[in-house]
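Residue numbers (our numbering): 1 to 107.
It is possible that some hints are incorrect.
Simulated restraints, written as ranges between beta carbons of each label pair [what the hints assert, rightly or not]:
hint, residue 1, residue 2, range
1, N50, I101, 28 to 34 Å
2, T84, E60, 20 to 26 Å
3, N50, A99, 28 to 34 Å
4, L56, G87, 15 to 21 Å
5, V97, N50, 23 to 29 Å
6, N106, Y70, 35 to 41 Å
7, L37, V86, 15 to 21 Å
8, Y98, T65, 28 to 34 Å
9, N106, M36, 42 to 48 Å
It should be emphasised that the hints constitute simulated quantities derived from the structure, not laboratory data.
From the three backbone atoms N, C-alpha and C, an ideal C-beta is built for every residue, glycine too.
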Amino acid sequence: MENMGKKLCKRLHRHRLNPLNNARFPMSYAVLNLTMLPTDDIAYIEAFGNYCDVHLFNGESVTMTFQLHYFVEAFNKLKQNFFTRVGKSLIVNTNYVYAIIPPKTNY
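Go ahead and model the full structure; you've got the sequences and the hints to work with.
See the structure below:
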(Lines of atoms letter the chains of each structure in order from A and count residues from 1; the text may use other names and numbers.)
(Lines give C-alpha, C1' and ligand atoms only; values in the text may rest on other atoms or scores of the structure.)
Protein backbone atom coordinates (compact mmCIF):
# COMPACT_ATOMS: atom_id res chain seq x y z
CA MET A 1 0.00 0.00 0.00
CA GLU A 2 2.86 2.32 0.78
CA ASN A 3 4.21 1.70 -2.72
CA MET A 4 0.85 2.65 -4.25
CA GLY A 5 0.88 5.96 -2.32
CA LYS A 6 4.40 6.75 -3.50
CA LYS A 7 3.45 6.03 -7.12
CA LEU A 8 0.43 8.31 -6.85
CA CYS A 9 2.52 11.14 -5.42
CA LYS A 10 5.13 10.78 -8.18
CA ARG A 11 2.45 10.87 -10.91
CA LEU A 12 0.81 13.93 -9.39
CA HIS A 13 4.18 15.67 -9.10
CA ARG A 14 5.04 14.94 -12.74
CA HIS A 15 1.62 16.20 -13.81
CA ARG A 16 2.10 19.47 -11.92
CA LEU A 17 5.58 20.02 -13.40
CA ASN A 18 4.26 19.76 -16.96
CA PRO A 19 3.70 23.38 -18.12
CA LEU A 20 0.93 22.33 -20.50
CA ASN A 21 -1.13 21.04 -17.62
CA ASN A 22 -0.62 24.12 -15.46
CA ALA A 23 -1.38 26.54 -18.29
CA ARG A 24 -4.95 25.29 -18.72
CA PHE A 25 -5.99 25.22 -15.08
CA PRO A 26 -4.27 25.25 -11.71
CA MET A 27 -3.97 21.86 -10.05
CA SER A 28 -3.91 20.98 -6.41
CA TYR A 29 -4.27 17.54 -4.92
CA ALA A 30 -4.95 16.07 -1.55
CA VAL A 31 -4.80 12.42 -0.61
CA LEU A 32 -7.48 11.78 1.97
CA ASN A 33 -7.85 8.82 4.28
CA LEU A 34 -4.73 6.94 3.22
CA THR A 35 -4.61 4.15 5.76
CA MET A 36 -1.45 2.17 6.31
CA LEU A 37 -1.64 -0.80 8.64
CA PRO A 38 1.16 -3.04 9.91
CA THR A 39 0.33 -6.58 8.83
CA ASP A 40 0.96 -7.80 12.38
CA ASP A 41 -2.03 -5.74 13.54
CA ILE A 42 -4.46 -7.45 11.14
CA ALA A 43 -6.48 -10.32 12.60
CA TYR A 44 -8.64 -11.02 9.55
CA ILE A 45 -10.18 -9.40 6.49
CA GLU A 46 -13.83 -9.85 5.58
CA ALA A 47 -15.18 -9.03 2.11
CA PHE A 48 -18.49 -7.42 1.21
CA GLY A 49 -18.59 -7.03 -2.57
CA ASN A 50 -16.20 -4.23 -3.56
CA TYR A 51 -15.46 -3.39 0.08
CA CYS A 52 -13.46 -5.13 2.78
CA ASP A 53 -13.48 -4.74 6.54
CA VAL A 54 -9.98 -5.12 7.94
CA HIS A 55 -10.37 -6.28 11.54
CA LEU A 56 -7.51 -5.42 13.87
CA PHE A 57 -6.44 -7.11 17.09
CA ASN A 58 -7.28 -4.02 19.14
CA GLY A 59 -10.97 -4.47 18.23
CA GLU A 60 -11.11 -1.74 15.60
CA SER A 61 -12.08 -2.35 12.00
CA VAL A 62 -11.25 -0.29 8.93
CA THR A 63 -13.45 -0.38 5.82
CA MET A 64 -11.51 -0.20 2.56
CA THR A 65 -12.67 0.05 -1.04
CA PHE A 66 -10.71 -2.94 -2.29
CA GLN A 67 -11.89 -6.35 -3.36
CA LEU A 68 -10.50 -9.30 -1.44
CA HIS A 69 -8.28 -10.46 -4.32
CA TYR A 70 -6.28 -7.22 -3.98
CA PHE A 71 -5.23 -8.25 -0.47
CA VAL A 72 -4.44 -11.81 -1.61
CA GLU A 73 -2.15 -10.46 -4.34
CA ALA A 74 -0.51 -7.95 -1.98
CA PHE A 75 0.11 -10.55 0.73
CA ASN A 76 1.56 -13.00 -1.81
CA LYS A 77 4.26 -10.41 -2.59
CA LEU A 78 5.45 -10.34 1.03
CA LYS A 79 8.62 -12.23 1.96
CA GLN A 80 6.77 -13.89 4.82
CA ASN A 81 3.08 -14.35 4.10
CA PHE A 82 1.08 -15.36 7.16
CA PHE A 83 -2.33 -14.77 5.58
CA THR A 84 -4.54 -17.52 4.20
CA ARG A 85 -7.79 -17.25 2.33
CA VAL A 86 -10.17 -19.60 4.11
CA GLY A 87 -13.31 -18.91 2.14
CA LYS A 88 -14.86 -16.81 -0.58
CA SER A 89 -14.95 -13.73 1.62
CA LEU A 90 -12.39 -14.25 4.39
CA ILE A 91 -8.62 -14.01 4.88
CA VAL A 92 -7.09 -14.83 8.28
CA ASN A 93 -3.72 -14.11 9.85
CA THR A 94 -2.44 -17.63 10.58
CA ASN A 95 0.05 -16.32 13.16
CA TYR A 96 -2.84 -16.03 15.55
CA VAL A 97 -4.83 -19.20 14.79
CA TYR A 98 -4.67 -21.32 17.94
CA ALA A 99 -7.17 -24.05 17.06
CA ILE A 100 -9.43 -25.17 14.25
CA ILE A 101 -12.65 -26.59 15.59
CA PRO A 102 -14.76 -28.31 12.94
CA PRO A 103 -18.52 -27.86 13.20
CA LYS A 104 -20.53 -30.72 14.64
CA THR A 105 -22.42 -32.54 11.94
CA ASN A 106 -25.29 -34.99 12.14
CA TYR A 107 -24.52 -37.35 9.28
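*Go through the numbered hints given earlier and state which of them the structure violates, listing their numbers in rising order.*
Violated hints: none; all satisfied.
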